[in-house]
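**Student:** Sequence lines, in order, name chains E and Z. When you number the first sequence by our numbering, it's gap-free, plus one each residue, and the end is 269. When you number the second sequence by our numbering, it's gap-free, plus one each residue, and the end is 396.
The set of hints was computed from the structure by calculation and includes no laboratory data. Backbone N, C-alpha and C define an ideal beta-carbon position, used for all residues, glycine too. Just so you know, not all the hints are guaranteed correct.
[Said to hold, decoys possible] Here are a few chain Z residues that face chain E, going by a calculated C-beta distance under 8 Å:
no., residue
1, 210
2, 211
3, 213
4, 363
5, 365
6, 366
7, 368
8, 369
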Amino acid sequence: MRYGLIRFLNARPLWWGLVREPAGDVEYQFTSPARCSDLVADGSVDVGLVPAIDLVRIPGLMAVPGICIASRAEVRSVLLVTRVPFEEIQSVALDPASRSSVALTRILLGERLGRDRLEAIRFDPAEHGPRNFLEGHDAEVVIGDPALKVRQTESGVTAIDLAAEWNRMVGEPFVFALWAGRADRIGENGTDLIDLLMRSRAKGLASLPEIVAEAAAELGLPEPELAEYFDSALHYDLGADERRALARFHSLAIEYGLVENPQEIEWLS
Amino acid sequence: MKTEGRAREILRKAIDGGRIDDDEALTLLREADLLELGQAANIVRNRLNDPKVVTFIVDRNINYTNVCVYKCRFCAFYRKPGDPESYLLTRDELRQKIRETVELGGTGVLLQGGVHPDLPLEYYTDLLSWMREEFPEVHRHAFSPPEILFISRMTKKPLREVIGALIEAGLQSIPGGGAEILVDEIRLASLSYPKASTAGWLDVMRTGHELGLRTTATMMYGQGEKPEHRIEHMRRVRDLQDETGGFTAFIAWTFQRENTEMQEIEEEDGVSYLRHQALARLYMDNIRSIQSSWVTQGLGIGQLALKFGANDMGSIMIEENVVAAAGAENHVTTEEMKRLIRQSGYEPVQRLTLYDGWVEEGTGHRVRELAGAETGSGLNLELNSGIKRKIGRIQS
Ligand code: SF4
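Build out the structure end to end from the sequences listed, making use of the hints.
**Tutor:** Next comes the structure, spelled out in structure tokens:
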């Protein structure tokens, strides 16, 4: 089985157990959320963590029920960092590593400023590699682990937590990603795969202290802050609220023209 | 004294990240003190690769046929078509060999043969797609430039089309064999010119790189050529690497004479090997990995080579016929390989064919860290350095 995984902290509890499972023929590719869903789409991996938005974009997918990465609170996983007041944003640099956050940014700006105003805002992919933060743009979307460090490293900018904004706007959690694979690869042994991924999550959640300690060393952030991140910001089950939230997000994304050829979500069983 | 000073100056330049030219390389080969040369190579090696880690691979070299239309003078492996000792492996034999490879924890196979006159392009494409179907997880590192050139000549199809068809069928990378010394004068004398001229060999690699494949580069020296020729060889490889960036590693080994026609040639010794490998590390400033050829040098020199610029021990050699035919029969188990690396003072890491991932100790899972895993964020954070450290990024 080939898995596409994301190293971001918020995803770690989901694959923590998986990579420790003494299973036979297993391969992992660690990559960015955007690339991860490309790997699933083109069959380079059998199952991977797919950004929520791509569930309705990629044909032939099956999503794993019961598990997701979601948040009901300030999560700091998707930040819109700006140095001008919200209403004055003219240009936004987007992180090409992420797709859901790109969609979320457009939707929230559209809902807050009006959809017509959205037309006037320039969105560009952020350049890779070292450069000056916010150079050439009024705002920038920062996702994943780098977002955790924004508060520490930047001053004179405002960081808007987009997932929290979403919570406020729709009253539902925001779902970042789910496990999904191509139907022809995972359709047959669905329950085995669901079991395996559930076990992996259970092990991950039971190992949070270890995950936190490892990440604190890697990211250079204090352990309590990261422990808090897991305790209050994130959750990992996909229940009725999350499904409603997903449906809402997808229909808004379609309304905003962010999904060309919308697909129905099929659930693995 | 004076010349020694010049060699030192050149070494210092290389250590400081400067590029050395051909004259300077020749000076180093002739005059540099062995230990100073090794030390400089070691410094550069530690800059380009994790200083604590030595990588190796578990794979199998499958020579699917020993039938060859060519007669390279340094080759003890080939048999003429129709020779009673000639063979072409059957599907069952191939399946058996690949299965054994997987059972031993292998992650790939290197498929190369003699250059068989009667196999159509479909033979090669069928072989690849059969493998992809039956062993999707086994990396297909296959067909060195002489084989690919032959297919192109035979089918009258341009290289780009042939390599494109091979990729379509499942080719994942091209081994750097058949390079020997990339100087036509030398190739003519060894009778290896007809199988691939210098330009022909380089063309296959260039085209492969342009089509997105990564390949290795090799050098086999000590067949009577001059040091200048070896440096010219390295220059041709370095130039192409400047152009495409497609080479993952450079592997040099010495001519092995047993059972070949070239009995008049003295084999190169271990000190010569260490000098050449150290020089290669310094000269090839644009290729990340240098592989130690313990298969031709023996395990002792193979280990020492790690202090002379090598960062990789190559394959455990589940099977190797070409060099074995010429009297160098060496293989080790994975455990022995790890022990050898540990005793040299490094942490052993079992890597994958493209130097882009590793096999996790304990679980045996294959792990890849794809380029592009970093985000576009301008905060320029060094994330996951502990993990990236293991192998280092493949060059982009
Ligand atoms: S080196 Fe290769 S091409 Fe030359 S004779 Fe041997 S098998 Fe044939």
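**Student:** Taking the closest Cβ pair, is residue 213 of chain Z under 8 Å from chain E?
**Tutor:** violated, 16 Å
**Student:** Against chain E, is residue 365 of chain Z within 8 Å by beta-carbon distance?
**Tutor:** This interface hint holds because 5 Å falls under the 8 Å limit.
**Student:** Does residue 369 of chain Z pass the interface hint, meaning its C-beta sits closer than 8 Å to a C-beta of chain E?
**Tutor:** Holds - the Cβ of residue 369 of chain Z comes within 8 Å of chain E, reaching about 5 Å at its closest.
**Student:** Let's test the interface hint: is any C-beta of chain E closer than 8 Å to that of residue 363 of chain Z?
**Tutor:** holds, 5 Å
**Student:** Are residue 366 of chain Z and chain E close enough, Cβ to Cβ, to be under 8 Å, as the hint says?
**Tutor:** holds, 4 Å
**Student:** A closest beta-carbon separation below 8 Å is what the hint needs, so does residue 368 of chain Z meet it against chain E?
**Tutor:** Status holds, d = 4 Å.
**Student:** Once the shortest beta carbon distance from residue 210 of chain Z to chain E is found, is it less than 8 Å?
**Tutor:** violated, 21 Å
**Student:** Return the status of the interface hint for residue 211 of chain Z: holds when the least beta-carbon distance to chain E is below 8 Å, violated otherwise.
**Tutor:** Nearest chain E Cβ about 17 Å off; hint violated.
This entry does not satisfy hints 1, 2, 3, going by the numbered hints stated previously.
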